[in-house]
Amino acid sequence: MPTALIAEDVPMVRESLAIALREAGFDVVAAANGREALEALAERRFDVLVTDMWMPEVDGLRLLKEIRGRHAGMRVFGVTGGGPRLTIEAMTSLAEIWGAEKVFLKPFDEDDLVAAIRAPRG
573 MPTALIAEDV PMVRESLAIA LREAGFDVVA AANGREALEA LAERRFDVLV
623 TDMWMPEVDG LRLLKEIRGR HAGMRVFGVT GGGPRLTIEA MTSLAEIWGA
673 EKVFLKPFDE DDLVAAIRAP RG
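In terms of our numbering, the sequence shown opens at residue 573 and continues consecutively.
There could be a bad hint or two in this list.
Unchecked claim - As a list, the in silico EDC-like pairs of lysine to aspartate or glutamate whose alpha-carbon atoms are at most 16 Å apart: (1) K674 x D684; (2) K637 x E673; (3) K637 x D684; (4) K637 x D599; (5) K678 x D581; (6) K674 x E661; (7) K678 x E661; (8) K678 x E611.
These aren't lab readings, by the way, just hints derived from the structure by calculation.
Keep in mind that this is a model prediction, so the values were computed, not measured.
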């Protein structure tokens with residue numbers, strides 16, 4: 573069974589993503605922030621990471637920087653509703669530089685995220 577790690581600080585969004593990925597056949601671990609995600613990544617391997625870009629403690633950009641090059645083969649997708657420090661465009665560009673395949677803008681359809689995860693890496 574493929575594995576997915578979700579890093580999202582909003583409980584309702586985190587649970588919604590977890591449900592969508594479980595229904596798509598993933599074994600899901602959910603983290604409330606980037607620090608918890610880093611701890612999970614230290615303990616096991618994941619096939620997919622879905623991370624919010626703006627979270628307390630360790631945000632998504634820092635998470636991407638921390639894991640870059642250390643988790644070969646793991647696919648990474650970002651989600652964001654915007655944040656206080658950067659424009660959405662700037663944050664999306666930085667996320668892609670640091671390894672995110674795509675960043676979804678909230679609100680988004682979870683089916684689109686699942687489709688992107690299932691699509692061949694491109």
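Does the structure break any of the earlier hints, and which numbers would those be? Numbers 3, 4 and 8, in rising order.
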